[in-house]
Amino acid sequence: MKRSIVTGGGNNDKKFKAQPPPKNNYRGGGDDEEDDEFEEDDDEDEGDEFGEEEDEDDIDVENIIASDSMDIDIQDDGSQQLFLWSRKPVQDLVPHKKPLIFQQLEVDYTEIKEPVPGMPGPKVGPLPAIRLFGVTKEGNSVLCKVHGFLPYFFISCPPGFTEADCKSLKHDLNESMKMSSNQSNEKDIENIVVSIDIEKKKSIMGYNPNPLSDFIRITLILPKFVTRCREIFESGRHHFTIPGQPFRQYQTYESNILFALRFLIDKGITGCSWIELPANTYKLSETPVSTCQIEVDTSLETIISLSDDDSPAPYRILSFDIECAGRKGVFPEPEKDPVIQISNIVKNNGDAEPFIKNIFTLKGCSSIVGAHVIPHKREEDLLREWRKFVIKVDPDVIIGYNIVNFDIPYLISRARQLKIPEFALLGRIKTTISKIKSTRFSSSNLGTRESKEISMPGRTQFDLMQAIQRDHKLTSYSLNNVSAHFLKEQKEDVHFSIISDLQNGTDDDRRRLAVYCIKDAVLPMRLLDKLMILINYTEMARVTGVPLSYLLGRGEGIKVLSQLYRKAMVENFLIPTYKVTGKGEKFQGAIVIEPTPGFYDTPIATLDFTSLYPSIMMAHNLCYSTLLSAEEAKKLPPEIYTTTPFGDHFIKSDTKKGLLPRILEELLSARKKAKDELKNEKDPFKRAVLDGRQLALKISANSVYGFTGARVGKLPCLEISRSVTSFGREMLDKTKKIVEERYTIANGYKHDAVIIYGDTDSVMVKFGVKTVAEAMEMGRDAAKFVTTTFIRPINLDFEKVYYPYLLMAKKKYAGLYWTKPDIHDRMDVKGLEMVRRDTCLLVRNVVSTILKKILIEKDLKSAEEYTKSVISDLLQNRLDLSMLVITKALSKTQYKGKVIHNELARKMRARDPATAPNLGDRVPYVVIQGSKGAPIYEKAEDPLYALEHNILLDCQYYLDKQLKAPLIRIFKPIMSNPDLIFHGEHTRTIAQSTLSDNNKGFFGTLKKKKVCMNCPKELTDTESTTCINCQHKEASLYQTSLEKVTSLETKFSEAWTQCQRCSGSLHQPVLCSNRDCPIFYMRTKVQLDLIEAKKTLNRFNVEW
Amino acid sequence: IHHNKERFLEKQPNSTIKSIHKNDDNKNGDGGGGATTSLVIGQHSNLQYSSIYASRLEKLNPILVENVESKYPGIPTQKILHMKPGDECIMIGTLYKEMELKPNILKAYAQDRAMLPIPDNRESFIGEKDKLFFEDNTGRVKLIGSKEMVDSLVTGLNVAILGKGLPDAEFEVRDIVFPGIPPQPHSRDLESLKDDAYICLISGLNVGDANNIFQTQLLMDYLQGNLVDNGSDLLGKICKVLFVGNSIHKENEPIEAFVRYSSKSEIQAKQAKKAIPIKDLDGFLCELCQTVPVDIIPGPNDPTNISLPQLPLNSCLFPFSIQNTNLTTCTNPYQSQIGGRLLLGTSGQNIENASRYMTYENKMSLTESTLIWRHLAPTAPDTLTCAALDNDPFVIEQCPDIYFVGNQDHFETKLLKGPNDEIVRLIFIPNFSETNTIILVNLKTLDTFPIHFNTTSFFPQSPSTEQ
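Going down the list, the sequences are from chains D and E.
Quick note: the first sequence, position 334, residue 334 per the numbering used here, numbers continuous.
Add 10000 to a position in the second sequence, counting from 1, and you land on the number used in the numbering used here.
Incorrect hints may appear among the rest.
[Claimed, not checked] What follows is a list of derived Cβ distance ranges for each label pair:
hint, chain 1, residue 1, chain 2, residue 2, range
1, D, L980, E, N10454, 55 to 63 Å
2, D, D601, E, S10365, 57 to 65 Å
3, E, F10214, D, M975, 33 to 41 Å
4, D, G350, E, E10100, 26 to 34 Å
5, E, S10365, D, Q1031, 47 to 55 Å
6, E, S10365, D, L952, 21 to 29 Å
7, D, L306, E, R10174, 48 to 56 Å
8, E, S10365, D, R988, 33 to 41 Å
9, E, K10250, D, K820, 41 to 49 Å
10, D, Q1031, E, N10454, 41 to 49 Å
None of these hints come from the bench; they were simulated from the model.
Each residue gets a CB set at the ideal place from its N, CA and C atoms; glycine is no exception.
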């Protein structure tokens, strides 16, 4: 049913080409958050969106496991430990006297068989009930079931259809629905169609000055019927006619919104908000279905959203990690490989430290200070006990690293394999088993992502890996690299191939493993705190109104849609449900003013349009509800509408203000407010909340444009998006014109200003002045002046000065960044290898050093000297191997043609399947010397293999293919002939492969003769270092060998002591195989080199 | 006295010191090639530093057990693993001090081509957030104690700690027990020593430094007896001259030299320049060895490997002097027995490195501490480069009679009396090229005094007054 996206293996192609972001169809130029292309998987139409959970299977499960058995199961085991894990008991809950107030985190719905007495809605079941899961201020978990809310949607009302026709439509439609049903249990439902009403509404599409008109509102009994009912109206297949009307198809409205979200929208509840159930409006459930401490039923009508309260409840966060014992060479599979350890960290939100830290192990394990080790004899027990632990701890949020795609599915599949049916009861509903579903969503920003979705009602799963992939661009998303990047510490890494060995060892070996496993649960918790991810996402949920779990699992579109619905509802607008085709014409993206490359040793002022796209939409009143067709426009006086540079027409705001501009205004003014409050706020926690909020508001504002341009989105409107970009282009041109005309010698300025470059929302101006202060002065003046020529709220802002500034090409520049006249803030680099991920470290480091020399030291000569020395080091093979490692992810097994890293992976598998990279792993490689003309993929080699076998790297390749282009690009604007850097004396000595001890090759079988260290002469038995003729050189040769030894010794000790520090133990050998660690290869190489060098040194010690 | 070619080692065949100072029947003092390899790089290519810590603890554990049993009888000794929060116990293990200011290769590594050595310019690693950890072969705990306690200890010490376990891998320390000064052997040779006998200690000769030629010549004249006027028989009683580190001048290379491209001729010129001081020293030693036996111990600037233990300077460097059996090239750290006295000494790296970890009254007290710790270089390998060995050669198993440290800025000495009547002469040997001072030690009495070369009084016709 996944129709929307490219078929077959092509998806992966897309996924990996997506980094760096591919050229966007709408705005070839854009590179900020705005350019999302929402390609939501449209199989949501097929019930995905309504089928969040609770299908028939649940009922089956109920038959297998008596709902109470689980409670007894756990209560029986009333050990001290389980008691310590539990939440505090509930105090004073008096439904008829006291209100119940809680913060909701998860929202979904269920089907109930019988209505709850005293609640609104139909009096016969089955019925839907909304479920809000949350926590009270005291830390008690709550399930609140809201009754009386039913799914509905609209169709436009055909002329002549009146209240009187409603009854017959209801009857006919009901019959039709029943007929189209093929499931027996639905036959019992008497009234699928609950009611037909006529309401005064208006479609959001197109400017419509007429008053509200009639729309038919169709209310159904269960959300799962909505899609089918919509099809009856939309498609001709059913030949359904409204009584008294000729046969036709109908446009439906608001028929594809998630049921739970619809509820939140209608009740004005946002994600993560506080909810109040006033006294006497709720009652405790008689037969609780959940493991929550408080379970209540309440009515749709009396529930109150406390939107002002932004304090977070003390919800419980569980971070966990599992280890599996795989077989040699195969990535663990749940069908075969056991789960051997599960580590857990539990913390209350707001606390500094976790209060539970434990590890469940298979077989004995030596104890670990500070953590509770819980050993198990059988894997079945391990899994059962862990599940009991989860239920008892009752976490609101479950976090971890890659848990959604690995840990949780693995556990569930493994439990199924071991026939532990109750294991999958991980959620808060006693009878609902957690199921795994594969989903896929894609956007141009994030690429296509395949992921799994695990239903676990009541618990929010928050995978740190997904969050970080979404919000940060990194070279690698391994936990090692992520924690090195954000927490500034390297993590020890145990390769999965040695996990089994450790597991089969002693208690101490398993303890070793357990320590890693715990660390893997601690790190996500620390990342969560450090990056304030939960705070930021909570704010995002509040701002956009969607539940927390939607933010990671779904695209950007849902956030805009939620806001659009909320606004539209107030105005009585209806949002049509479109069948999206995914096709659409392309149009020109954002403009770039052609750069004038060069090295600018004068201050360059940068003027930026603040929130460019949102402000264009506001200024020109671009909205669905203000769009005019060409014919309509012709009929109207031209002064009341705007014609965009692309040729579309929108009504001006004094006639009718659009919905999107209003949403944007609110977002941006709320952001301004948050920023103002942030300035005055001292409390660090509140500051974090405010900062998260302003960020969420900014992202939300920017995503509105993308929403209108998403061809596969919920409500694409290319007229809006192409108008936005065309305005952007026009504004950039206009700014250039104004600045260059105004700041001229003719107008009394000292110099003629020149725009040297412009991109999307910024222009770089060379005013010709000498000091940063003057440039700032003029920049501010120009920004102010240009702003007056645009419609508010478009605002050109002076932001910074670059001085000096090295402009190489479009989107490739570097400069010192000044916001204060006295000292520069930092060096800013765009689009260069330094910030790109697909090059080796050498290139990044060299580019960065050269730029420092040019921009900060302003010493071109030394930059040149430096470059030469790097080239000479490279050619003489003196560089550290890790500098030269290139990494690519192995994203699929089948590639078209021979792809370097795939070929290498194949080679490595043949060598040793145990350590070869698997699908999804990143494959690091180096390019080695091969026969002349050999294709590159034959010359790629595993860095460790190259190290251990002393294989020479193809330095010429690194020079020509890696280093040369970026260096030429940098030097070109500065030097007349940058090619000269690549020629000369320093390039003449090139390392050649020699017959070292390790490099056996073809000649491995030949007996090696000892040769004089200075000349090729063979040594006699009495000579050990030099021949008799060269003996006078012995001391000098010794010195040379010594120098090598001493530098290797220093490196060896620096590297290996650091590894000891990292692994946190002096007495245990370092096991780490973290290839992301910058010293990983170096420390291995230095080990080998040191032995080799000392062997050479030893030759001097033989008596002569 | 017989010029002592009999090594302490030969009398103590089981001693682990064997690995420090090998039997030198062949007079270039570095034994067979195989032995050297195992000494410096260990047996296996994947050898790591964990084994040296294990060996250290294995050697000192019995001593610590004995110490705590007599000091705190009845208090249980516990492994970290089995420690229960709240219970008082004793644990035996290794200290590790976490300090942010320690040089960190990861920080340095991200820079440039990762070729530059880490700049080693910090005088002290002490910082506000320093933490002390304690480790045995079962786990690691954080030690809770005063900042003073943290600042008075270094990484790598083997100690016993008395205190109380806290939850969350912490341990509150009440007392720390060290191994204490090792037992001092008694030598028969010493009884046979009827007359005064001296050894001469010289550190930082720095041959090849242009500013230094004059003093070096004076020294030679003095040692050869050319300068002594009124029949002082002191000189005749010098039975051994020890050169303790940095005998050869080394030009400091600026850091830029690493990143600059050097042509072949530049490299050759550099090598030729480096060879000159070594030739000078060869000549110097050749002359000196004709009158007196010489032991030469390498130091941080000398042309041998840099990690401890440093190998003896290679015989190929001294083609002339090595032919005289009076010259012995030795390891650093150095240990030998002369005239019944046990000598132990280093060229100073161990004390210099340890001093960066802790606050100390004076360097002499720190040096004294190394005896109480029974360890010459606890901070190796953490911040002091050392070879990855299976066996820790730095454990002091026997208390020396003379314990010297080279490359100091001034002369200092102390006669240490241990609790079991151990008597140790501690000596700081000043840098000769800067202080013009050498040290004489009387082996019979352990009296120690400096000889200062005052250029004006020894040689009135100094070049400055000549004109």
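(message) Which constraints among the numbered hints does this structure fail? Numbers only, ascending.
(response) Numbers 3, 6, 8 - these are the hints that the structure violates, sorted from lowest upward.
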